[in-house]
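Asker: Construct all of the structure, not just a fragment, from the sequences and the given hints.
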Amino acid sequence: MRERLFPGDRVAAYVVLVLLGLVTVLPLLYMIVLALQSDGEVQSGDPVLWPADLQWGNFTRLFEAAPFGRFFVNSFVMAGAITVSHLVFDPLVGYVFAKLDFPGKRIAFVAVLSTLMVPFFVRMLPIYSIFASLGWIDSYQGLIVPFLMDAYGIFLMRQFIRPLPDELIEAARVDGAGEFRIYLRVILPQCKPALAVLGLFTFVFQWNEFLWPLIATSRTEMRTLPIGLTLFNQEYFTQWNLTAAGALILFVPTAIFFVITQKFLVEGIALSGLK
Amino acid sequence: MIRRRQALTAWLFLTPAVLFFALLFFVPIGNQLLTGAYGSDGVSFVGLGNFTRAFADPEVLHSFLITLAYAAGTLVVGTAVGLGLAVILNQSLRGRTLFRSVLLIPYLTSVSIIGLLWRNILDPQVGILNRLLEAVGLPGQTWLSTHPLATIVGITVWSGAGYTMVLFLAGLQGIPGLYYEAARIDGAGPWRRFFAITLPLLAPTTLFVSIIGLISTLQQFALPYIVTGGGPGNATSLYAHRLFIVAFNDNDFGYASALSVLLLIVVLILSLAQLRIGERTDA
Numbered sequence: 001m002r003e004r005l006f007p008g009d010r011v012a013a014y015v016v017l018v019l020l021g022l023v024t025v026l027p028l029l030y031m032i033v034l035a036l037q038s039d040g041e042v043q044s045g046d047p048v049l050w051p052a053d054l055q056w057g058n059f060t061r062l063f064e065a066a067p068f069g070r071f072f073v074n075s076f077v078m079a080g081a082i083t084v085s086h087l088v089f090d091p092l093v094g095y096v097f098a099k100l101d102f103p104g105k106r107i108a109f110v111a112v113l114s115t116l117m118v119p120f121f122v123r124m125l126p127i128y129s130i131f132a133s134l135g136w137i138d139s140y141q142g143l144i145v146p147f148l149m150d151a152y153g154i155f156l157m158r159q160f161i162r163p164l165p166d167e168l169i170e171a172a173r174v175d176g177a178g179e180f181r182i183y184l185r186v187i188l189p190q191c192k193p194a195l196a197v198l199g200l201f202t203f204v205f206q207w208n209e210f211l212w213p214l215i216a217t218s219r220t221e222m223r224t225l226p227i228g229l230t231l232f233n234q235e236y237f238t239q240w241n242l243t244a245a246g247a248l249i250l251f252v253p254t255a256i257f258f259v260i261t262q263k264f265l266v267e268g269i270a271l272s273g274l275k
Numbered sequence: 001m002i003r004r005r006q007a008l009t010a011w012l013f014l015t016p017a018v019l020f021f022a023l024l025f026f027v028p029i030g031n032q033l034l035t036g037a038y039g040s041d042g043v044s045f046v047g048l049g050n051f052t053r054a055f056a057d058p059e060v061l062h063s064f065l066i067t068l069a070y071a072a073g074t075l076v077v078g079t080a081v082g083l084g085l086a087v088i089l090n091q092s093l094r095g096r097t098l099f100r101s102v103l104l105i106p107y108l109t110s111v112s113i114i115g116l117l118w119r120n121i122l123d124p125q126v127g128i129l130n131r132l133l134e135a136v137g138l139p140g141q142t143w144l145s146t147h148p149l150a151t152i153v154g155i156t157v158w159s160g161a162g163y164t165m166v167l168f169l170a171g172l173q174g175i176p177g178l179y180y181e182a183a184r185i186d187g188a189g190p191w192r193r194f195f196a197i198t199l200p201l202l203a204p205t206t207l208f209v210s211i212i213g214l215i216s217t218l219q220q221f222a223l224p225y226i227v228t229g230g231g232p233g234n235a236t237s238l239y240a241h242r243l244f245i246v247a248f249n250d251n252d253f254g255y256a257s258a259l260s261v262l263l264l265i266v267v268l269i270l271s272l273a274q275l276r277i278g279e280r281t282d283a
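As you go down the protein sequences, you meet chains A and B in turn. Residue numbering for the first sequence follows UniProt numbering, beginning at 1 and increasing consecutively. Residue numbering for the second sequence follows UniProt numbering, beginning at 1 and increasing consecutively.
Hints may be right or wrong, so weigh each one.
Across the chosen pairs, the derived CB separations fall in these ranges [as the list claims (entries may be wrong)]: (1) B:Pro200 to A:Leu19: 26 to 34 Å; (2) A:Leu19 to B:Ala22: 44 to 52 Å; (3) A:Val23 to B:Ala196: 42 to 50 Å; (4) B:Ser145 to A:Val15: 30 to 38 Å.
Covered by chain A, per the in silico footprint, the following chain B stretches (three or more residues, Cβ under 8 Å) [to be verified]: (5) 46-60; (6) 136-144.
Derived SDA-like pairs: lysine to any residue, alpha-carbon spacing no greater than 25 Å straight-line [as the list claims (entries may be wrong)]: (7) A:Lys99 to A:Lys263; (8) A:Lys263 to B:Arg3; (9) A:Lys99 to A:Val84; (10) A:Lys105 to B:Arg276; (11) A:Lys105 to B:Gln173; (12) A:Lys99 to B:Gln173; (13) A:Lys263 to B:Leu275.
Please keep in mind that the hints were generated in silico from the structure rather than gathered at the bench. Using N, Cα and C, we set each Cβ at its ideal position, and we do this for glycine too.
Answerer: Next up, the structure:
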């Protein structure tokens, strides 16, 4: 049963929702307008709600002004590799904690969960020092390795695998299947919906990651898109049209994610508890 | 026999995870505790010197105080907005799913986009917000130079309200409809029902939302870094920004480690409090 406000309040509810919805969406729509303005229009200080002449060329100029193609590739490699790693390891570890029984299980599980309480700032400095001595600054492994797995994903997969019937596993064991084969052939195929959620969220959040790529890279050609965009903006701060064009490119995966998951987005976020 | 084989399998499957968490969580944390005891040269042992230095450092103190102000502002406004949205969207309204999702877009958007977009919108010269205000007869503001911290609070609330709403929606699902029926029979109006039923029964959710909000605001770095660079002066140089400067501008890793250990202690206390509350409300 859902609580209803008084009749007629429905109108008030819609007014509030539409207003807040506009406050949410209009800045992002304005970003599109901004990206298509001419240099004169963005610098004039007069509000331009629709550019006189849509400057699609801004997108190509952007790639000439800074190595945005390379930033894009770097972001894609980083977020892609981390997502693959999560999809390989999070369900495997989640399965072990959900279904196997072994000495040390409780300690191992608590140890993994305890990492949720550690601010990134605490492990960032030592990892930076270690990577610097390994020569991993400005490298793909340097961008990727700190995020290969995480406790959120492991916990999400454990919660998903736990209710699966034990009989499935027992039956496969009686049939003589090896442990890894059981995991791969019996457990993993059941996990597709959870893996989809995990993969999409991991990709979008890593694609947007800011702090670590800022620190772990210093050469222009190793910057990721979020970092390249802010640096580009500092260098050419009057070029708001190009900055907005770059922001739109960065926004593309989020938009795709939104379209794919719109129906179960709220449940997905509540379920995965991603911060 | 089977038990032993299962244990062997389990630890075999866990090997990558053991290596990962050991090398990229526990070794760094231990290292951080040790590094905090060394001076800026990284060689001279100063014991707890970095910690006493932090408590006497006016810049650290300033960053801590404005972080608290930032956290308080974000929590009060963000919780109110998130709760309001959740209550409205918990009704059966047409388009409810779409509204719920749309309000989440900023939360999924890169902080780079959010920071740069708002810097442009708020710019006194080229920004559109002041032009819109002037168009309706209101005075324009120099947002980021006159009210920098409040503006950062506003942008944070804008980007996080959808997430707070999701947490409150989950809390609202847990309130039995029966309570509202009973209250209605007793003649309680909607506001009365909100303050007598919804708000008290949401207390655990509110506490949960506040603690995780506090934990994340204490670590806020990217938004002020992009929007104001910590300025003007150091008006928006939050604790995490101060830590970043100590580490990467001053190259004082020992002191930065001590500052991050202090952050760890505060976050640990808050996380444990959150766990305790979670356990108590589940029981």
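Asker: Could you tell me which of the numbered hints above are not met by this structure, giving the numbers in increasing order?
Answerer: 3, 5, 6, 7, 8, 11, 12 and 13
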